[in-house]
Amino acid sequence: GDSVTQMEGPVTLSEEAFLTINCTYTATGYPSLFWYVQYPGEGLQLLLKATKADDKGSNKGFEATYRKETTSFHLEKGSVQVSDSAVYFCALSDRVNQGGKLIFGQGTELSVKP
Amino acid sequence: GAGVSQSPSNKVTEKGKDVELRCDPISGHTALYWYRQSLGQGLEFLIYFQGNSAPDKSGLPSDRFSAERTGGSVSTLTIQRTQQEDSAVYLCASSFIVDSNQPQHFGDGTRLSIL
Chain A
1 GDSVTQMEGP VTLSEEAFLT INCTYTATGY PSLFWYVQYP GEGLQLLLKA TKADDKGSNK
61 GFEATYRKET TSFHLEKGSV QVSDSAVYFC ALSDRVNQGG KLIFGQGTEL SVKP
Chain B
1 GAGVSQSPSN KVTEKGKDVE LRCDPISGHT ALYWYRQSLG QGLEFLIYFQ GNSAPDKSGL
61 PSDRFSAERT GGSVSTLTIQ RTQQEDSAVY LCASSFIVDS NQPQHFGDGT RLSIL
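Protein chains in written order, with the working numbering: chain A, 1 to 114; chain B, 1 to 115.
Keep in mind that the hints were calculated from the coordinates and are not lab data. Note that this is a predicted model, so its numbers are computed, not measured. Here a beta-carbon is modelled for each residue, glycine too, at the ideal position from N, C-alpha and C. There may be inaccurate statements among the hints.
[Unchecked claim] One side only, chain A facing chain B, incomplete, derived with CB under 8 Å:
| id | residue |
| --- | --- |
| 1 | 43 |
| 2 | 49 |
| 3 | 89 |
| 4 | 104 |
| 5 | 106 |
[Unchecked claim] Derived DEER-like restraints, expressed as beta-carbon distance ranges:
| id | chain 1 | residue 1 | chain 2 | residue 2 | range |
| --- | --- | --- | --- | --- | --- |
| 6 | B | 7 | A | 45 | 16 to 22 Å |
| 7 | A | 68 | B | 44 | 24 to 30 Å |
| 8 | A | 79 | B | 40 | 32 to 38 Å |
| 9 | B | 12 | A | 39 | 38 to 44 Å |
| 10 | B | 7 | A | 26 | 22 to 28 Å |
| 11 | A | 59 | B | 17 | 41 to 47 Å |
With the sequences and hints as input, model every part of the structure.
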């Protein structure tokens, strides 16, 4: 079945450091890919998405490119801030008979120190 | 309301009791999803609704779990004869239509603790 694997955390960075959180997926159909973020004490929020190969999703300085050849959707940010500290979830939704349900990775906790 | 609303925000109950969790989706959203977030299992899909119908119940862990949606709006997730392994945060999400491209909007969840 479909699955998502993302790098384990926690990831600890200093402010202004470069961030990469790796995400790879397995899907039988044609998935859309998402990054969701959960800030401390808050609910899940959509961060960005890409719906087809080579699409780049971006938001709040974060970017991720849908790479079909490597089945990856790595999250990057050039300069992280303390306010980016959160748990990040990579997810897919398969178009073929899946009804839009999301399959999530395990989540990666990011801690940014001043 | 402006967002997905879930109630109660916290629920503590004794093993063996029944619980009902409520989700009020964003107005006009026809698709509604239930997920469970637990330490050991991460975020798992439970069930989704298209209108009042539930085409996919494959994520419900056992027959103690059931859900319904009435009037194309509010949904309730019921857990009968609760067990300690049911302790988790239960999340509800809604989207405008059932489509893999549609972003899902999540509520803050119900934290369920079984004593």
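Evaluated hints:
1. Against a cut-off of 8 Å between C-beta atoms, the interface hint on residue 43 of chain A holds, since the closest Cβ of chain B lies about 4 Å away.
2. Hint status for residue 49 of chain A: holds, given a least beta-carbon distance of 6 Å to chain B, under 8 Å.
3. The beta carbon of residue 89 of chain A comes within 6 Å of a beta carbon in chain B, closer than 8 Å, and the hint placing it at the interface holds.
4. Given hint, residue 104 of chain A at the interface with chain B, holds; its Cβ is 4 Å from that chain's nearest Cβ, closer than 8 Å.
5. The beta carbon of residue 106 of chain A is positioned within 8 Å of a beta carbon in chain B (closest approach about 5 Å), and the interface hint is therefore held.
6. Distance hint check: the CB atoms of residue 7 of chain B and residue 45 of chain A are about 20 Å apart, consistent with the given range 16 to 22 Å.
7. Hint check: residue 68 of chain A to residue 44 of chain B, Cβ distance near 26 Å, so the stated range 24 to 30 Å holds.
8. Between residue 79 of chain A and residue 40 of chain B the beta carbons are some 35 Å apart, a value that agrees with the proposed interval 32 to 38 Å.
9. The supplied range of 38 to 44 Å is broken by residue 12 of chain B and residue 39 of chain A, whose beta-carbon atoms lie about 25 Å from each other.
10. Checking the proposed 22 to 28 Å range against residue 7 of chain B and residue 26 of chain A shows it is violated: the Cβ atoms sit about 36 Å from each other.
11. At roughly 42 Å, the beta carbons of residue 59 of chain A and residue 17 of chain B sit within the given window of 41 to 47 Å.
Comparing the model with each earlier hint shows violations of hints 9, 10; every other hint is respected.
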